[in-house]
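Engineer: Take a look at the letters that make up each chain.
Protein chains: 2
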Amino acid sequence: MNQQIISGNAVIGQSGGPTAVINQSLVGVIEQLRTHPQIGKILGCLHGVRGIIDDQFIELQDIPQQRLERIAQTPSASLGSTRDKPNAEYCQKIFDHFAKHDVRYFFYIGGNDSSDTCRIVNELGQKSGYELRCFHVPKTIDNDLMHNDHTPGYPSAANFVAQAFMSDDLDNRALPGIKINVVMGRHAGFLTAASVLARHNDESDGPHLIYVPEVAFNVDKFKLDVERIYAKLGRCLIAVSEGIHREGHHKPIAAELAETARGSVETDAHNNIALSGTGALGDYLCQAIRDHMGADTRVRADTFGYMQRCFIGSISPVDAQEARMAGRKAADAALSGNLDGSIAIQRVSDSPYNVEYQLIELSTVAGKTRTLDRKYIVDDNNITDGFKQYLAPLVGNLPVVESLRGGIV
Amino acid sequence: MNQQIISGNAVIGQSGGPTAVINQSLVGVIEQLRTHPQIGKILGCLHGVRGIIDDQFIELQDIPQQRLERIAQTPSASLGSTRDKPNAEYCQKIFDHFAKHDVRYFFYIGGNDSSDTCRIVNELGQKSGYELRCFHVPKTIDNDLMHNDHTPGYPSAANFVAQAFMSDDLDNRALPGIKINVVMGRHAGFLTAASVLARHNDESDGPHLIYVPEVAFNVDKFKLDVERIYAKLGRCLIAVSEGIHREGHHKPIAAELAETARGSVETDAHNNIALSGTGALGDYLCQAIRDHMGADTRVRADTFGYMQRCFIGSISPVDAQEARMAGRKAADAALSGNLDGSIAIQRVSDSPYNVEYQLIELSTVAGKTRTLDRKYIVDDNNITDGFKQYLAPLVGNLPVVESLRGGIV
Numbered sequence: 001m002n003q004q005i006i007s008g009n010a011v012i013g014q015s016g017g018p019t020a021v022i023n024q025s026l027v028g029v030i031e032q033l034r035t036h037p038q039i040g041k042i043l044g045c046l047h048g049v050r051g052i053i054d055d056q057f058i059e060l061q062d063i064p065q066q067r068l069e070r071i072a073q074t075p076s077a078s079l080g081s082t083r084d085k086p087n088a089e090y091c092q093k094i095f096d097h098f099a100k101h102d103v104r105y106f107f108y109i110g111g112n113d114s115s116d117t118c119r120i121v122n123e124l125g126q127k128s129g130y131e132l133r134c135f136h137v138p139k140t141i142d143n144d145l146m147h148n149d150h151t152p153g154y155p156s157a158a159n160f161v162a163q164a165f166m167s168d169d170l171d172n173r174a175l176p177g178i179k180i181n182v183v184m185g186r187h188a189g190f191l192t193a194a195s196v197l198a199r200h201n202d203e204s205d206g207p208h209l210i211y212v213p214e215v216a217f218n219v220d221k222f223k224l225d226v227e228r229i230y231a232k233l234g235r236c237l238i239a240v241s242e243g244i245h246r247e248g249h250h251k252p253i254a255a256e257l258a259e260t261a262r263g264s265v266e267t268d269a270h271n272n273i274a275l276s277g278t279g280a281l282g283d284y285l286c287q288a289i290r291d292h293m294g295a296d297t298r299v300r301a302d303t304f305g306y307m308q309r310c311f312i313g314s315i316s317p318v319d320a321q322e323a324r325m326a327g328r329k330a331a332d333a334a335l336s337g338n339l340d341g342s343i344a345i346q347r348v349s350d351s352p353y354n355v356e357y358q359l360i361e362l363s364t365v366a367g368k369t370r371t372l373d374r375k376y377i378v379d380d381n382n383i384t385d386g387f388k389q390y391l392a393p394l395v396g397n398l399p400v401v402e403s404l405r406g407g408i409v
Numbered sequence: 001m002n003q004q005i006i007s008g009n010a011v012i013g014q015s016g017g018p019t020a021v022i023n024q025s026l027v028g029v030i031e032q033l034r035t036h037p038q039i040g041k042i043l044g045c046l047h048g049v050r051g052i053i054d055d056q057f058i059e060l061q062d063i064p065q066q067r068l069e070r071i072a073q074t075p076s077a078s079l080g081s082t083r084d085k086p087n088a089e090y091c092q093k094i095f096d097h098f099a100k101h102d103v104r105y106f107f108y109i110g111g112n113d114s115s116d117t118c119r120i121v122n123e124l125g126q127k128s129g130y131e132l133r134c135f136h137v138p139k140t141i142d143n144d145l146m147h148n149d150h151t152p153g154y155p156s157a158a159n160f161v162a163q164a165f166m167s168d169d170l171d172n173r174a175l176p177g178i179k180i181n182v183v184m185g186r187h188a189g190f191l192t193a194a195s196v197l198a199r200h201n202d203e204s205d206g207p208h209l210i211y212v213p214e215v216a217f218n219v220d221k222f223k224l225d226v227e228r229i230y231a232k233l234g235r236c237l238i239a240v241s242e243g244i245h246r247e248g249h250h251k252p253i254a255a256e257l258a259e260t261a262r263g264s265v266e267t268d269a270h271n272n273i274a275l276s277g278t279g280a281l282g283d284y285l286c287q288a289i290r291d292h293m294g295a296d297t298r299v300r301a302d303t304f305g306y307m308q309r310c311f312i313g314s315i316s317p318v319d320a321q322e323a324r325m326a327g328r329k330a331a332d333a334a335l336s337g338n339l340d341g342s343i344a345i346q347r348v349s350d351s352p353y354n355v356e357y358q359l360i361e362l363s364t365v366a367g368k369t370r371t372l373d374r375k376y377i378v379d380d381n382n383i384t385d386g387f388k389q390y391l392a393p394l395v396g397n398l399p400v401v402e403s404l405r406g407g408i409v
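Residue numbers (the numbering used here), protein chains in the order written: chain A, 1 to 409; chain B, 1 to 409.
Fair warning: there could be bad hints in the mix.
Because identical chains cannot be distinguished in the list, a pair is counted as satisfied if it fits within a single copy or across any two copies.
Unchecked claim - Cut-off 30 angstroms, straight-line C-alpha distance, at most; resulting in silico cross-link-like pairs (DSSO-like, lysine-lysine): (1) K375 <-> K232; (2) K221 <-> K41; (3) K100 <-> K368; (4) K232 <-> K85; (5) K221 <-> K251; (6) K251 <-> K223; (7) K232 <-> K93; (8) K223 <-> K127.
Rather than coming from a laboratory, the hints here were simulated on the basis of the structure.
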């Protein structure tokens, strides 16, 4: 800590699934770095580490602040993203290019896979004796980074999910039936749990059932759950994570279905299975309900898909601000002489809502997955009001709705 | 026209698929009716005509204006909706209940199926000699009512589709591949065509291909279209209507796929096939691309589903105002002594954007479907800039985005 501040150029990259606020972090790093004379060029690598080895950089240090602000407000990764996971050979190439461009600072904005990339690059830098400062800036709609209260990108995605469930609950009241919405989240149920914010007025508000991947999913129990709510309310709105799996199985049901349909499962370089972009899980659950309650039952499923991760119309102001600060804090850490680390958001108080930004070891977040605390999960099919209190300050104000009818649904 | 203004109670109902602004029309009727001494009670029938025959009414005349405003801003049908299509026996019951409650004014807010219901009820009223004034207030995200420039509900749904495509285009730039989004629209391509608003900066903006149900869909041609764009840009964003069908076939491909999967097709009382709530069309098109371009091609599909019709976060201010005015104008027409009719929105000028509300015959809209004018369709796979000019004043301001990179996608 507080070593000499070396002079040289900086590289910033963005990685993994895009979010609505990942460009806020990019701009946060840029605007802080460019106030320091030790930093020469600020280079953006296009499509993450891929852009480094392909020598695809653009200079970022001279962009007018007004344009930077517009970029900050634009969802998805402006530099492009990648799912490449560097091996030793790949990293050697990264160093060759860093040396060639006199790069001494590397900022990588991404999730746990990206922080692991950052850690490996950093360790190879240390071994090779090349003076390099590596910093990870957190980003993931999955909210699954260890030692973070929450992660930039999640609150905006949660805002979208909350508004989508509010809207769909009103839709389902107007034309009652059973409605299943499949939400992103391979291993962690944070985003699916965000649907709980749609409950605002009374007990009849949906979602009535919420299934997260932290607990095993039992389709027979699911049928009975739905039947019970339907008998009581004449309708049922359900949030299901795309990552739900059967008891004793690690593989999500969605992956089983994809395997059956295609004969094989598509995975990326991190062995993540492609679950989104298919309606198979929703169709399967619809059919289970029809088999149980009769073919005439009005049952529908929607899969929210990619739009939940960077919908331009549901950016949380808190999220935008925190993503910006996370970028600035990473640059500050580098320019205070720190060698490496990851920025983590810690909640200091709930009322008024306040956070602080800590610099933590790369290895504490790299490649690890945080899941939803069991204290927020009710049995195997619901989320507590406590989770609502955790989430509410993050997502910003949600629209106010009014009902004409008392208990009538 | 301008007959005697009879005294009595009024019934208002909402019907068909909900929209983001259908409660604006409800409130428009209520606030205008309650200023007139001839109107006694203003009754809302719950779940459309179903509420009339089940005697499920609530009184609306005394709701404070502030609460009415909150209801107006709430998406989906506050009174509940229905897909019931009354036959002669059903209509007889409607009259029995109208007579019982001294109902002399009936306002039905809905699409072309609902205006047909309104027409039948009206004709039976005339035959039976029961003095009843029947008015249809337009509402449909499909934008498919005859003799309307556009219909309340459509601009807000179009706003959602535009924002979803803007967001997904940014997502697809960051992680390039082939992306298909399936948009609502059984027979009319207006909502799918709204995706054209996502193109804002340059030629590389998606959607790059747009398929509407007004022209036959050829899957082999589709494969070549996608291959051509992908070769040029390294990515391809595609808008597809759920209602696309093969040459010489009336049945949508989505219905063929549902039939194959389930052995039968689910239809409502209006013989409308349930196309939403299934990812089958998207999966089918993905597979077609993989078969053509290789299994390694990154290709995904999302089906927007129900959220596009009443998403609370994308209400167009113009739409909200026009829906309110359509309700008021229907009440005005009734209280000016008109016997029946449908309110139609006509565009008076583009710059400044201005509309007028006409009272047209029920039979001109009842049960008929308007489709997208061929002048807006380019070949079999795109939409003109002219359509953008038609649509832009309706949806309101869209967010501004900024790109870091010139031609690089």
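Engineer: Each hint should be assessed against the structure and marked as holding or not.
Structural biologist: Hints versus structure:
Proximity of K375 and K232 under a CA criterion of 30 angstroms is satisfied intra-copy only: 27 angstroms inside one chain copy versus 51 angstroms between copies. In this assembly of identical chains, the alpha carbons of K221 and K41 never lie at most 30 angstroms apart, being 59 angstroms within a copy and 47 angstroms across copies at closest. In the homo-oligomer, the alpha carbons of K100 and K368 never lie at most 30 angstroms apart, since the shortest distance is 32 angstroms inside one protomer and 68 angstroms across protomers. For the identical chains of this complex, K232 and K85 are inter-copy neighbours only, at 27 angstroms across copies versus 50 angstroms inside a copy, given an alpha-carbon limit of 30 angstroms.
For the homomeric pair K221 and K251, the shortest alpha-carbon distance inside one copy (19 angstroms) is at most 30 angstroms, but the shortest distance between copies (37 angstroms) is not. Taking the shortest alpha-carbon separations for K251 and K223, only the intra-copy value of 21 angstroms comes in at or below 30 angstroms, while the best inter-copy value is 32 angstroms. For the homomeric pair K232 and K93, the shortest alpha-carbon distance between copies (28 angstroms) is at most 30 angstroms, but the shortest distance inside one copy (62 angstroms) is not. In this assembly of identical chains, the alpha carbons of K223 and K127 never lie at most 30 angstroms apart, being 56 angstroms within a copy and 49 angstroms across copies at closest.
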